[in-house]
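Undergrad: Residue strings, one per chain:
Protein chains: 2
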Amino acid sequence: MLGTASAMPVPDRNPSAQALCVHGRYFLVDCGEGAQRSMVRFGVPLQRLDTVFISHIHGDHVYGLDGLLSTLAMGGRLAPLDIYGPRNLGPMLKFFLSYNEWIGYELRFHPLEMKAPEVILETKSLEVLALPLKHGVDTFGFIFREKEPQWNVEKEAIEKYGLTLTEIGTLKRGEDVLREDGSCIPNAEVAYKPFAPRSYAFISDTAPFPEEAAWLQGVDVLYHETTFLAEFEEQAAKRLHTTTLQAAQLALDAGVKKLVIGHYSSRTTDASLYEAECRTLFPESFAASDGDVYEI
Amino acid sequence: MLGTASAMPVPDRNPSAQALCVHGRYFLVDCGEGAQRSMVRFGVPLQRLDTVFISHIHGDHVYGLDGLLSTLAMGGRLAPLDIYGPRNLGPMLKFFLSYNEWIGYELRFHPLEMKAPEVILETKSLEVLALPLKHGVDTFGFIFREKEPQWNVEKEAIEKYGLTLTEIGTLKRGEDVLREDGSCIPNAEVAYKPFAPRSYAFISDTAPFPEEAAWLQGVDVLYHETTFLAEFEEQAAKRLHTTTLQAAQLALDAGVKKLVIGHYSSRTTDASLYEAECRTLFPESFAASDGDVYEI
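Taken in order, these protein sequences are the chains called S and E. Counting in our numbering, the first sequence runs from 1 upward without gaps. Counting in our numbering, the second sequence runs from 297 upward without gaps.
Treat the hints as calculated values from the structure; they're not laboratory data. Please note that the accuracy of each hint is not assured.
[Said to hold, decoys possible] Rough simulated footprint, nothing fancy, chain S against chain E, three-plus residues with beta-carbon under 8 Å:
| # | region |
| --- | --- |
| 1 | 297-306 |
| 2 | 329-343 |
| 3 | 357-369 |
| 4 | 568-581 |
[Claimed, not checked] A short list of chain S residues far from chain E (calculated; beta carbon distances all over 12 Å):
| # | residue |
| --- | --- |
| 5 | I57 |
| 6 | G64 |
| 7 | K94 |
| 8 | F95 |
| 9 | R108 |
| 10 | S125 |
| 11 | Q249 |
| 12 | S266 |
| 13 | F286 |
C-beta atoms are modelled at their ideal positions from N, C-alpha and C, and glycine is treated no differently.
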């Protein structure tokens with residue numbers, strides 16, 4: 001959690017930014033002012049940054065980007081950097097490059113404009129979906145889903161059955177081994193999944209909307225903005241944000257395992273108040289603070 | 297001192313920014329990323345900000361400006377904001393306004409392009425000079441000088457001599473009072489200066505240059521970048537920065553009363569090392585850290 005504040009500056013929190021590490025790859029999700037300093041402060045390796053996802057171009061989600069992009073260049077980055085974000089982020093990147101011609105790596109911008117969740121990035125072990133939110137300007141959430149892993153074969157079984165490489169390949173695909181002598185080595189006996197696929201959703205900023213629970217169904221950890229305490233529901237609606245109780249109800253409806261909240265209004269920065277309200281509906285709620293680490 | 301780091305992000309310092317309070321007016325000098333949060337953190341009243349001075353458009357001196365300008369608007373600012381900086385800051389402000397049409401106050405940009413110190417702003421009690429530095433891109437330093445204050449008249453004297461308003465006015469202009477009866481009330485006896493004019497110079501970033509000591513002659517407090525320790529003189533020259541010993545020598549040559557240093561390389565962030573080197577030549581050297589307050 002690199003930044004858990006909303007737009008107005010507060011002493012102890014940066015504006016919105018998160019780093020997500022998946023199988024050794026580092027993703028940055030939103031990049032509010034000061035995100036690069038938070039990365040350094042909290043031990044996220046700046047120079048190993050893989051891909052950037054920007055939810056929308058409100059300053060508290062994007063004004064740290066110019067500084068980060070400069071720092072990567074000063075650090076000697078040569079690898080292209082992929083940036084996903086709404087279409088109106090494009091001119092900001094173009095303007096940045098217009099007065100930073102010295103940048104030594106390629107910025108690859110991928111504009112988002114879907115009306116429902118869509119896979120925007122796929123790696124060997126992961127897929128990333130973007131989904132439209134409801135926030136006045138074009139805004140997107142992101143879901144990171146591990147793919148079903150390959151089967152692993154137990155070491156003891158390799159020795160016990162004298163498995164050949166071909167047979168191990170068969171087991172890794174989830175099939176049984178049928179030998180010429182008619183014997184069968186069942187996949188279920190000797191193979192196992194190293195992990196159950198995990199998922200993380202990043203939802204900021206948005207008013208609640210009808211499809212939200214269905215789109216986020218069953219994610220392991222849901223990060224959701226709760227800009228306002230429940231008593232400010234009217235103000236939340238007006239500004240297209242979500243209250244604590246609305247986020248907790250969503251977590252219930254979507255059947256998520258854990259709810260992590262942030263983006264607190266500068267009016268009330270004591271995160272424990274937000275957490276307490278969420279827990280009245282959804283006990284597995286956790287109020288994020290800068291520097292917190294969640295393992296999924 | 298809102299930020300005392302140089303360009304590469306470090307955990308405990310923001311990049312360059314300072315707030316200067318003169319007779320209740322707040323000036324911001326440079327606006328590196330995170331400056332607005334430092335202002336809140338260290339008790340500088342954001343909404344009373346008077347004027348902004350930007351030395352040059354390297355990111356560590358200006359990337360906090362967009363966020364600050366947005367925050368002022370969100371806070372309801374209506375008063376125009378004057379921004380002084382090099383000509384190439386203009387397109388950045390224009391671009392910012394192009395996607396922030398909702399900003400409710402006027403930005404008044406004053407491009408700088410002098411070749412020698414020039415008064416750029418004058419108030420009843422203060423004049424601000426800008427001077428060109430030597431740093432690859434157009435870069436300017438700033439000198440803030442209090443004007444000679446009016447004479448004050450001692451309260452006891454008003455009673456003792458039964459001074460009229462006209463006579464007090466005469467004394468405030470520094471003249472003696474000559475009465476019709478031929479008697480004289482000497483200014484020197486009943487009037488005094490409430491303070492000796494003070495001055496502050498902000499010099500960042502620059503390589504040393506020949507006119508520097510003359511242009512900074514006699515300022516009370518000189519802030520000067522010392523990006524590098526003395527052993528890195530070659531690197532400092534290459535990157536158009538100043539070392540500790542060069543800044544201390546300048547402080548001697550310019551006859552300043554106090555030297556405050558900052559903008560430390562991320563290679564060595566222990567400010568006490570920079571301070572110790574400066575003090576070998578100029579004992580009244582002080583290494584600034586974020587949150588430090590200097591009274592002049």
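Undergrad: Can you list which hints this structure breaks, lowest number first?
TA: Checked against the structure, the hints that fail are numbers 4, 5, 6, 7, 8 and 12, while the rest are satisfied.
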